[in-house]
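Chain residues, written in single-letter form:
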Amino acid sequence: MRSRIEKIYMGIILVFMYAPIATLIVLSFNGSKSRARWGGFTFKWYINLFGDDKILNALANTLIIALISTVVATIIGTLTCVGLMGLKRRSRAFIMGITNIPMINADIVTGISLMLLFKVLRFGTGFVTVLLAHVTFNIPYVLLAVMPRMKTINPNVYEAALDLGAEPFYAFRKSVLPDLMPAVLSGALMAFTMSLDDFIITYFTKGSGFDTLSTKIYNEVKRGIQPEIYALSSIIFVVVIVLLVTSSMIKGRQGTGAKKKVSLYKVEKKITSGQAFAIGAVTVFIIMLGLYFGGVFARKSNQLFVYNAGEYIDPKVIDMFEAETGIDVIYDEFETLEIMYAKMVQDDSAYDVICPSDYMIAKMIDNGMLRELDLDAIPNRKYIGEQYLESAKSFDPENKYSVPYCWGTVGILYNKNMVEEPVTSWDILWNKKYAGQILMQDSIRDAFMVAEKRRGYSLNTTDPDELSKAADDLIAQRPLVQAYVIDQARDKMIGGEAALAVIYSGEVIYTQRENPDLAYSVPDEGSNVWIDGWVVTKHARNPEAAMKWIDFLCRPEIALMNFDFITYSSPNTAARELIEDEAIRNSEVAFPSEEVLERCDTYSYLGEDGDALYNDMWKKVKSGG
Amino acid sequence: MSKELIRLENISKSFDGELILDDLNLTIHENEFVTLLGPSGCGKTTTLRIIGGFETPDKGRVIFDGQDITALAPNKRQLNTVFQKYALFTHMDIAENIAFGLKIKNKPQEYIEDKIHYALKLVNLEGYEHRMPESLSGGQQQRVAIARAIVNEPKVLLLDEPLGALDLKLRQDMQYELIRLKNELGITFIYVTHDQEEALTMSDHIVVMNQGYIQQEGSPEDIYNEPENAFVADFIGDSNIIHATMVRDELVNILDTDFICVDKDFGENKPVDVVIRPEDVELVPRGQGTLPGTVSHVIFKGVHYEMEVQAGGFEWLVHSTRMFDAGTEVDIKVDPFNIQVMNRPESEDEEAMVIDV
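Which chain is which? The protein sequence lines are R and E, in order.
Offset between the first sequence (1-based) and this note's numbering: plus 977.
Offset between the second sequence (1-based) and this note's numbering: plus 3.
Honestly, the hints are just simulated from the structure, not real lab data.
Be aware that one or more of the hints could be misleading.
[What the hints assert, rightly or not] In silico lysine-lysine, DSBU-like type, Cα no more than 35 Å apart, as pairs:
{"hint": "1", "chain 1": "R", "residue 1": "K1096", "chain 2": "R", "residue 2": "K1596"}
{"hint": "2", "chain 1": "R", "residue 1": "K1293", "chain 2": "R", "residue 2": "K1515"}
{"hint": "3", "chain 1": "R", "residue 1": "K1128", "chain 2": "E", "residue 2": "K62"}
{"hint": "4", "chain 1": "E", "residue 1": "K172", "chain 2": "R", "residue 2": "K1128"}
{"hint": "5", "chain 1": "R", "residue 1": "K1128", "chain 2": "E", "residue 2": "K108"}
{"hint": "6", "chain 1": "E", "residue 1": "K273", "chain 2": "R", "residue 2": "K1128"}
{"hint": "7", "chain 1": "R", "residue 1": "K1128", "chain 2": "E", "residue 2": "K106"}
{"hint": "8", "chain 1": "E", "residue 1": "K158", "chain 2": "R", "residue 2": "K1128"}
{"hint": "9", "chain 1": "R", "residue 1": "K1065", "chain 2": "E", "residue 2": "K88"}
[To be verified] Away from chain E, derived, C-beta distances all over 10 Å, residues of chain R:
{"hint": "10", "residue": "L1061"}
{"hint": "11", "residue": "Y1147"}
{"hint": "12", "residue": "F1149"}
{"hint": "13", "residue": "L1220"}
{"hint": "14", "residue": "L1352"}
{"hint": "15", "residue": "I1421"}
{"hint": "16", "residue": "N1437"}
{"hint": "17", "residue": "Q1489"}
{"hint": "18", "residue": "N1492"}
{"hint": "19", "residue": "E1502"}
{"hint": "20", "residue": "D1541"}
{"hint": "21", "residue": "D1558"}
{"hint": "22", "residue": "C1577"}
{"hint": "23", "residue": "A1589"}
{"hint": "24", "residue": "K1596"}
Ideal placement from N, C-alpha and C gives every residue a C-beta, glycine not left out.
Can you make the complete structure from the sequences, with help from the hints?
Written as structure tokens, this is what we have:
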């Protein structure tokens, strides 16, 4: 009886530990994109995964970084152990203590301090900085594995080899290293696993245009996780498990090796050479992978660093641009404009060309972060509708800094099966009937816009009274809100996980395609009409290429490709004419009527003080008052 | 005497500010079995490691066959070492261990095989070529270490307490083995030990060391019979070391009793130490000897009896084949030739050099 309870208890613990991973693995074989629905067994996501160049590129980066940093850290770490043996016990203990600190130290501290160091030393961030960072944090793990073994080695063995005529390095290789090898291998595996696994330090040291799997996955997750990522995570889980088991097998053999003599010894010898072969093969494979995806080491001089919102371009467009111009595009995505802005403040030459929204463009102009466009280099700007250029003057008064790219309204996406009454007012988002089924935008201006418009205020108000009333409303609304989200709103609505969501009009066509029960409304109180435009940064390293990029995107056929992919309204009138599907060309959602636009305003830049006020209020809202 | 082979000149060495060797001078001749003998920390191993090239002296020179080799790396020296803890290469079999040095010297395969065979025969381990070191006993491993060293035909073999980890019986067997080896090979052995019996059994020449100084050098007989100071006397064998006064030449006053001796030139009424080996103390019935005493303890030791005798306020250690029961009143008698008179150190400095703690 008792043993049965113990077994059940063990079982529960195992379920708790592994249920999340099991879920992940199951979902990676789910034919449906929605987490809520089982769409049959499929390998589709695994196949897609291996067709995704960006992910494979990140995988190649991860493996190359892990491999090189492991080799370098293992060599440095092992040599350090040798050196430490020459020290007195007390100095050795002291140095071991120092080297252990980075392991215990919070990753975030290590990451930030490395980032600062690289900045001070004026290292360009990217592959090299990530590699250096990984070598740095891997060395302690190697020391930790090798040092205990080192202490058991009789120093006379090395001296005996010298005594028999061996040169010092040969003596070390022949006498000490074989005894040390199991520990070195286990240290190397540990370092390799740590490097594969690392996110925080990589995130802070990678700069722009370079991603490892972990940072890539993080970017993906922020934008609503794709099932390919489940597949990838499952693979990583299996690989890490294999590495860990191998590592502990090596360690296990290390432990029993001394007790059992001849027979086991020979076995160990054989497996060591087998391991050497396996490691060699993996190394060759990884290096070939790196060469295949190329461009990791060889940074081409003609590069363009592009910073755009998530899924805001047809990837084929990037390929076409690269093929036509020979310019190498380093394409990164930001989650929110605020994050983009912070990044640009941190490193003003990180990106050449960016696609922010109206009020952010105004703010960047105001702060001297943008460069005047060379309109002669952008002849295709003529395809942009005059009315959009006119609207853009609200944030870019002379159309000097930006070219409109997409535009749209903010409204309410709702599920017709779940919402009975007509959706004509923002009030519905305060209706207790829909408690827990409301999704709000996790963005300051959009969230406040909803509350401000509901009360009939301007969406650019900086009146503290009005703002604090709006904030109170948002706080009052919080118990009803399922979540503050960004791009996940789309997937949750498709999956029927929520009834109402504040969303950009551009998402509507896509979501309706996936779930015909969804409808969109711009409330009568009015809303925000926004325009996103391409701008070139003041300290761009390659402004000529940036102009070419903008010009390329203004071509009607390219704008059309992007419209088809993004489904956001295009200001490119020539492109709109090319839309074949009449229903879409004349869609009220994609191209709202004058009547709707009349009750909408653009955001304007509120100045430092206005921003600060909104930020304060936003913090209150997010912390629940 | 044969040709000089190694000369240590004014060698000093400190570790972490602690002086281990101080101005040491030592000459070693060809084909000698030299033993560096002393308690732990006396500097004997450091001396050996300086000869082997594993330590560099702070001061002084090492001359080998007329060449200054002070700064020469160990792998360039024409000598080989047998380490205390065997130091075999555990991942190589016995044959690979023995072939290690020969392979480095690029000897032909056939030559190497002959040498392995020869060396294993020499150390009585024929047929062990393909065993792994960990499967051998301590004594066998030590013999492999010796074989590994001698196949390189060194001019000198350095042995650092090679028998220290073996049990008594095996140690005695190995002592004879080493003497035989040395005679067969005809090379110089420099042997480090703290075991005086080992040193007396095997050596042609013993160097007694303490606290970084050479206390005495000489043949085993010299060292045993004529220790130059109380440290040597105490360290080599059992001794009765007694404060005494040299009355005049050939007469010494021990414990208020005059004894005739053969020593001269100490001056008159000088404080000295005398050493009398326990087997040199004769016990005779009361009235027939020089100093009266009482037997206090008797232990049977096999070859002889070991007795403690209270006489003149000193507890004498006596080895004799003739037994006196405890409580017996006896007289002590010593042959003048068996009284070894030594200078007693007067200054504290001198004492530090001589007296072992």
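Is K1128/R within 35 Å of K62/E, Cα to Cα?
holds (31 Å)
Distance restraint between K1128/R and K108/E, which requires alpha-carbon spacing of 35 Å or less
Holds, at about 31 Å.
The output says F1149/R does not contact chain E. Does that hold with a beta carbon cutoff of 10 Å?
holds (12 Å)
Confirm or reject the statement that Y1147/R sits farther than 10 Å, beta carbon to beta carbon, from all of chain E.
At about 8 Å from chain E, Y1147/R fails to clear the 10 Å cut-off, so the statement is violated.
Are all C-beta atoms of chain E more than 10 Å from that of N1492/R?
holds (66 Å)
Is the nearest CB of chain E more than 10 Å from the CB of E1502/R?
holds (81 Å)
Just double-check D1558/R for me: nearest Cβ-Cβ distance to chain E has to come out over 10 Å.
holds (74 Å)
No chain E beta carbon within 10 Å of L1352/R's
holds (74 Å)
According to the definition I'm using, a residue is off the interface if its beta carbon is farther than 10 Å from all beta carbons of the partner; does A1589/R meet that for chain E?
holds (62 Å)
Assertion that Q1489/R lies farther than 10 Å from chain E (Cβ)
Per Cβ check, Q1489/R is outside 10 Å of chain E; nearest 70 Å; holds.
L1061/R remote from chain E - nearest C-beta pair above 10 Å
holds (17 Å)
Just checking, D1541/R versus chain E, shortest CB gap more than 10 Å?
holds (65 Å)
When held up to the earlier numbered hints, the structure conflicts with 6 and 11 and fits the remainder.
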